[in-house]
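Taken in order, these protein sequences are the chains called A, B, C and D. Heads up: the first sequence begins at 1 in this note's numbering, then just goes up one per residue. Heads up: the second sequence begins at 1 in this note's numbering, then just goes up one per residue. Heads up: the third sequence begins at 1 in this note's numbering, then just goes up one per residue. Heads up: the fourth sequence begins at 1 in this note's numbering, then just goes up one per residue.
Each hint should be verified, as a subset may be incorrect.
Distance condition first, Cα-Cα at most 16 angstroms in a straight line; then the derived EDC-like pairs of lysine to aspartate or glutamate [said to hold, decoys possible]:
id: 1; chain 1: C; residue 1: K413; chain 2: D; residue 2: D167
id: 2; chain 1: C; residue 1: K323; chain 2: D; residue 2: D452
id: 3; chain 1: C; residue 1: K413; chain 2: D; residue 2: D157
id: 4; chain 1: A; residue 1: K400; chain 2: B; residue 2: E25
id: 5; chain 1: B; residue 1: K88; chain 2: B; residue 2: D57
id: 6; chain 1: C; residue 1: K14; chain 2: C; residue 2: E28
id: 7; chain 1: A; residue 1: K88; chain 2: A; residue 2: D57
id: 8; chain 1: A; residue 1: K413; chain 2: B; residue 2: E25
id: 9; chain 1: D; residue 1: K143; chain 2: D; residue 2: E7
id: 10; chain 1: D; residue 1: K459; chain 2: A; residue 2: D331
id: 11; chain 1: A; residue 1: K279; chain 2: A; residue 2: D120
id: 12; chain 1: D; residue 1: K14; chain 2: D; residue 2: E28
id: 13; chain 1: C; residue 1: K416; chain 2: D; residue 2: D157
id: 14; chain 1: A; residue 1: K143; chain 2: A; residue 2: E7
id: 15; chain 1: B; residue 1: K328; chain 2: C; residue 2: D452
id: 16; chain 1: A; residue 1: K279; chain 2: A; residue 2: E210
Some residues of chain B that are not near chain A, with every Cβ distance over 10 angstroms (derived) [said to hold, decoys possible]:
id: 17; residue: L16
id: 18; residue: E68
id: 19; residue: S234
id: 20; residue: G247
id: 21; residue: K276
Hint data in this document are derived by calculation from the structure and do not stem from the laboratory. Remember, it's a predicted structure, so these values are computed and weren't measured experimentally. Note that CB positions come from ideal geometry on N, CA and C, so glycine has one too.
Protein chains: 4
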Amino acid sequence: MGIKTREDYLASLKALRPNVYKFGELIEDVTTHPATKRVVESHALNFDAANDPEFEDLYTTTSKLTGERILRWNSLMQSQQDLIFNMKLKRQNYRRTGSCAGAVCVGWNAQSVMWAITHDMDAEFGTDYHERLKNWILGVQEKGLTVAGALTDAKGDRSLPPSQQADLDSNIRVTEIRDDGIVIRGAKLMIAGSAAANEIFLLPGSVYREPDQDFAVSCVIPRDIKGLTIVEASRPGDRRDLEEPAGMEVPNSGPTQGWLLLDDVFVPNERVFMCKEFKYTGNVITYFTANYRACIGGCFTVQGHVMIGSSILTARANGLSAKTFMGKLTDMSVKNQVTFGMGAGAIALGYKHPSGSYFADSITAHTNKVMVATLPYEVKRLTQEIGGGIVETGCMPSYKDFSHPEYGPLIQKYLKAGACSPESRFKAARLSEWLTIGGGVPGCMHGGGSPDGAKMVVKASTPMEEYVGYAKKLMNITEEIVDPPKKK
Amino acid sequence: MGIKTREDYLASLKALRPNVYKFGELIEDVTTHPATKRVVESHALNFDAANDPEFEDLYTTTSKLTGERILRWNSLMQSQQDLIFNMKLKRQNYRRTGSCAGAVCVGWNAQSVMWAITHDMDAEFGTDYHERLKNWILGVQEKGLTVAGALTDAKGDRSLPPSQQADLDSNIRVTEIRDDGIVIRGAKLMIAGSAAANEIFLLPGSVYREPDQDFAVSCVIPRDIKGLTIVEASRPGDRRDLEEPAGMEVPNSGPTQGWLLLDDVFVPNERVFMCKEFKYTGNVITYFTANYRACIGGCFTVQGHVMIGSSILTARANGLSAKTFMGKLTDMSVKNQVTFGMGAGAIALGYKHPSGSYFADSITAHTNKVMVATLPYEVKRLTQEIGGGIVETGCMPSYKDFSHPEYGPLIQKYLKAGACSPESRFKAARLSEWLTIGGGVPGCMHGGGSPDGAKMVVKASTPMEEYVGYAKKLMNITEEIVDPPKKK
Amino acid sequence: MGIKTREDYLASLKALRPNVYKFGELIEDVTTHPATKRVVESHALNFDAANDPEFEDLYTTTSKLTGERILRWNSLMQSQQDLIFNMKLKRQNYRRTGSCAGAVCVGWNAQSVMWAITHDMDAEFGTDYHERLKNWILGVQEKGLTVAGALTDAKGDRSLPPSQQADLDSNIRVTEIRDDGIVIRGAKLMIAGSAAANEIFLLPGSVYREPDQDFAVSCVIPRDIKGLTIVEASRPGDRRDLEEPAGMEVPNSGPTQGWLLLDDVFVPNERVFMCKEFKYTGNVITYFTANYRACIGGCFTVQGHVMIGSSILTARANGLSAKTFMGKLTDMSVKNQVTFGMGAGAIALGYKHPSGSYFADSITAHTNKVMVATLPYEVKRLTQEIGGGIVETGCMPSYKDFSHPEYGPLIQKYLKAGACSPESRFKAARLSEWLTIGGGVPGCMHGGGSPDGAKMVVKASTPMEEYVGYAKKLMNITEEIVDPPKKK
Amino acid sequence: MGIKTREDYLASLKALRPNVYKFGELIEDVTTHPATKRVVESHALNFDAANDPEFEDLYTTTSKLTGERILRWNSLMQSQQDLIFNMKLKRQNYRRTGSCAGAVCVGWNAQSVMWAITHDMDAEFGTDYHERLKNWILGVQEKGLTVAGALTDAKGDRSLPPSQQADLDSNIRVTEIRDDGIVIRGAKLMIAGSAAANEIFLLPGSVYREPDQDFAVSCVIPRDIKGLTIVEASRPGDRRDLEEPAGMEVPNSGPTQGWLLLDDVFVPNERVFMCKEFKYTGNVITYFTANYRACIGGCFTVQGHVMIGSSILTARANGLSAKTFMGKLTDMSVKNQVTFGMGAGAIALGYKHPSGSYFADSITAHTNKVMVATLPYEVKRLTQEIGGGIVETGCMPSYKDFSHPEYGPLIQKYLKAGACSPESRFKAARLSEWLTIGGGVPGCMHGGGSPDGAKMVVKASTPMEEYVGYAKKLMNITEEIVDPPKKK
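Taking the hints into account, I'd like the entire structure generated from these sequences.
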């Protein structure tokens, strides 16, 4: 069995039942429809890399289960180096696609998280989830699949737990347990890369208590499973994806997010890895966010690198030397490196779970999430500052106008600024726009959870009273000093 | 003669020759075409306000020339209060439109700038520009017109002055002087509100020296003048403007920028206010930027107010209390108020020109521009933080999907979060998106010039050696201390 | 009656009863003791300026009460220009002293505040406070005094109102009302410039309700009044003030704060301007903070100017060109100008009280306070960055070592960096240190109240629901959308 | 041979020749003189920890050379874990001392740097430096010494290389090579912990070329070597160190920096590890800064922790609940963790040198330096914000006043705020002051080199053209686009 190729991958997607919609229409073939072909291309590039001698060490690895050569995103992460490779794969990926490729990311992480969780659940409950998961992983490794991951539920009224929602479907739940499997319903929202995935790994979306045990469910479903409808989300710039010729207004790669609508979907037992064991949902979130928020630096660092490249390009296309902006470009580089360095630090400070899975240090990973919700915005701002008005507010006509037979030549005449062709200037400006205010903007803020959530973890992880102890000792203060009592 | 109404205004636009294009097509009627009707509506709202007893004191004033009641944006600004009213009119405008309405802004400012410049040029050269301008102003006041303003040329190779460009058309220039007028050609780019303007006020785009005297030209042209083609610029989200029903994905108002392509346009003498007097181009830029960058706070303060409103709305629509975000909302309010307060400060520290025009303090105005290029980005970031994922990366399906007969109800079901209808949540999220990453983003960064340019003014306005003197005096240092000589 | 001179001023201080202590000792003469002579010098420079033709227009004005020429800091502020002059006087002052001169600042402000408050109290209660205040002002104008102002009480347990404190002295209060005056006791803390003041203007330290009416007191006391003990506060660098020769380690001017300990002080009726009228304490705080926080920009702008000067000086003394740091110096200038511009803006947006007093716009003034608690810190950081290690952490020996007969010459030898004498380099480095981490650091953070207090005013002044209305109108959202009800 | 104790350490310092001066006087015993006893105590605490079962695993390790148990700061760093332990030792150290202890830091780092450099020099030049170094290390390990490290020269005119200085002593240089050793002269400035060191490790202060080969010197000297005079530097707050009773105004531990004046110091060959091999000075700087700037996070993270503790303490001592400031405290925790996490990341991304030494990743380490020059300033600002006025500007009398027999009780009365004794409030406020504006402020900005230097490394390490390549590929731009040629 060899490493799958782009062609294998595209064929596997074409073979799926069409169940993805956008702009009110069913997409017959996600690999060719302009609304989804970019995200598919973003993933196909991973198969190219896996078959490229230059990148194969990064994009493939040896299965810890079989010793076979497998796609790296189908492998278990059991060491610092495995997690560093996760960061580096994302980094390499963003370099070539300009943005996010969700189906070689969240599902990969989910696999190692559930590897640990199933290990612990089996020990406590005598279940066989770990073996099920292992068997599923073996299959995925053999078939060389892309697997999206899905956490976020619709949630409904956020002040109420799932079991008290007016609409119980607001969170994915088990509605029926059969001998051979379970039936689930509900929705998972904003699922990155779902249109480009072969399968989708579902995790519980939050920490649940006993009354909400029906919502404690983890399983994997094929993307075209019966009962699943996917509606692609829409962002301001995405109608540009529909323009012809492709590649003028936006790159030929890029991210998408989908809404997964599950209408009584039957999942056979061998694909179910948690069913009502609510007690372990806390650890699912803890392990998942630690690794996800550590490795997220791989993404934002390198989208920042592309912004540096795009900024130099627009500067030159505007007729200016990149040296003019060297201070800003260096600041961008500093801001970029923070999230990558912090990610590596969270990994270096991490620990190994008894199951073999390796998890990053929590407080460092969550601090990194806060940085990711801040620094890329500053890098974008600098990209717009360097790029000039034609980058910032779309102060440039469309490519339809650029290529208009009558006045198009005038647009081009006035786009000429010395250093390159009008077309290159047009494209460079559109790239900076796409990266900062267009379709290439990934979810720095809320992807993988909100910074306020991360801050809550930082707060909980900060031993404030221990720090008070240091201060007291330094000044030899011995009396007890506590918060004043609440006044009535 | 009474104050013109929305109907008068729309009729005046309909009467113009169609010469505005977008997406490769001629727009027959800018008042109804979806690509331009929003910017027209943004301006029409000004006529409504001018005829509304609640706002008439703000939107109308007494002509200093005739004593007649006129539209305020057709009035000369000759006092602190006049400039404060400019800020307040923009502020009120943004409240109702959510963004920029260029044709009641730049042309208004240009009029007072040229009032001073023509006064000074006439004194030096014995020309009659001031009288021409006065007559034109009288006409505009009587007719109650909207007037866009145009500074930015195509520029070409930025390291070369206009007269050394390979293509002399890279900057607007006088190609012929006739007895009855002048012929000009070239282009003005990124001109806000041009599609909604009756006329366009041209100013020189930079400071010119003698060899570039052909480029020192100021005049006013009707929007549909012979030889003028306007191509509307395109931004990521603007194809949403074309969607039906209108008002779901984006507001019914909003900004546009156009490229003005001038192909040997004849301008009669009575509309020409500068022709080759290169020596005064420096003051045009100085006066214009001082007032523009002082008053710009009126815009960004209140777009920030709308972002506060939209943030509260999305929070509630997400099922959360606005109180949860009170710290962030207060920070937004602080950041908003800086640009308004600084603007008022620049005005308070300003001065009156012998012609009567009042100009804001330069260093304060340019400092304000630097703030405007920074703080609104932070307010947007907070808007996305409060709004959650459905605001940030367009993680919400299109309205076509929302209203799809089959799966639309499911989209709506999962959008339900307790506090309001799914439709309101959809709209609120789209508004925050439009304000932060969509079509409502105005040009904080480069509108009215770049922050680096503003910093150059700040640097030049900072008496560094005087400050060295304070330091030396404080420590009683008497020896001369200068920069080391350059080493060879 | 002419404008008083430095000599008059020093004589007036020498005539006072010694009641100022520091480091455990009574200061016999504040004008010569090294712990207080710098703050006295900071004030004496104001008398110099008032008698200097170059500055007399700024430092003196015409009394609105008598038409006589008076010291400006003894005048009522009744217009925009009066307040702008307040900013400009502080600015000029900081230029020559490097820091704060409290006794020509808070008392001046207090006078105009109480001018309005007494006007309103008299109208409601039929009291004669306004006339008393007027008479006192007439005396001060004639005598040309310096007047510190005192708001901050010791406070005790901050969660309890004054009347419920275990120690009622925690806030200044009226303990006895006699026919001819009142007796007060308590303490006012951190009172800037008290050692250099002829008199001290007491204001209530907070907003009080009826049970706390004993604490609603405003009056003026001579600095050496019977029962008053002043203890000077100590900051890290202030022992350098005691070194000889003076002027090497620190400038010869500079700020101090004192603790005023009032032990049953009798204040005659003609000096009492509020006694138990608790209802007006809210307006005292409102008026005082608006003007104080507007004008505070005059201080921090120009201390930033001195930091620019000191930074250029240290750069050159280090052997580097100031041009190396031009980007940072320009950033410093931008940050400096914000607080001045905002202050002017708060004034421009202000209003006139029926009594004649002019007050700045509240939200803008409080926003300015938030800026003042942030931006000067960044300017200091840049000062340390430019100055190098000898500025940052005191990595330079003392002047005692610099001038040591044996190894002093070696210190000087190794301080030589090309551009100036070792002594000038020593002094320049010490100045930057003094400004950023030494005795010259004024109270950006808590002076005039804390930024969190200012944010509370900003929050209260932000019409959040009005802003929600703008957002709803833009998207044509008509349903009512409110915060979710609190869950039980 | 056992691990040395505090007593051993203090005895070893007492045995040294007195050659340390401050405030113009010779310090006879650095272990008891108030100007130096704090920095000695900071180091003595390390010996305590090394003999404390709770900390011995951190503070001691097994010698890679002998297998003996040694003090960790005398060990070679040859793995990720070794460097992580460096960070953790510093972190633990700062917790107990509040600031920097230089003689268990820079010398430790220098040893591993020169381990690699001597390895490479020997290979190229056939020298025996590595063996010399090894022997010296063996001695240090056996004797359990503290070793400061010294890089920064006086420099003189920074625009000239050492060999062209007017005064050749501006940089440490070899003036004579004898059979048995070398003679050096010059000065090393701002050397942390020199007064508490047994020995001092000298490294070249910059990258030198052939004409400057005399300045390429590395060796170790005893702190009391003949010809060496040390003058302690002075910072604003350090005269508080001299106050009695100790421990009221400042902690009993704390940092110092010294100027080392070398007047023809003879260093025997066995202590010389580089002599004129200028070619390797580049790598000395590269290796040293990478490890130093990676591990620096250990320091600033935990000084930030102490600031959190001190902030909570002051809040409570002020009578407020720490909860009031939870948002700020969490922000502080986030900012703290960045530098620690980035440091661990730089280590995780590092590499092993053929000699065995392990070095951190350069771009990440230098990015960390930029963070260290920024974030601690924000943490300090927040500490002052939380602490209130008595923390910010020293608005509190001295302890001499606090304990004054007459008015001291009044000071204490008015310091009472409910939660603790006046003395504890006094001490807590002084601690926050000491940490933010007093003697405990370490050199975040310039310690270990300036952030501008770090940015130059980041710039040089950023493959800008590679990033341009990504951008071009994304938009399929194939033409070459370069900077415009310089105009003449």
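Status of each hint after checking the structure:
no.	hint	in the structure
1	K413(C) - D167(D)	holds (9 angstroms)
2	K323(C) - D452(D)	holds (14 angstroms)
3	K413(C) - D157(D)	holds (12 angstroms)
4	K400(A) - E25(B)	holds (9 angstroms)
5	K88(B) - D57(B)	holds (11 angstroms)
6	K14(C) - E28(C)	holds (9 angstroms)
7	K88(A) - D57(A)	holds (11 angstroms)
8	K413(A) - E25(B)	violated (19 angstroms)
9	K143(D) - E7(D)	holds (13 angstroms)
10	K459(D) - D331(A)	holds (9 angstroms)
11	K279(A) - D120(A)	holds (11 angstroms)
12	K14(D) - E28(D)	holds (9 angstroms)
13	K416(C) - D157(D)	holds (8 angstroms)
14	K143(A) - E7(A)	holds (13 angstroms)
15	K328(B) - D452(C)	holds (13 angstroms)
16	K279(A) - E210(A)	holds (8 angstroms)
17	L16	holds (18 angstroms)
18	E68	holds (37 angstroms)
19	S234	violated (4 angstroms)
20	G247	holds (16 angstroms)
21	K276	holds (23 angstroms)
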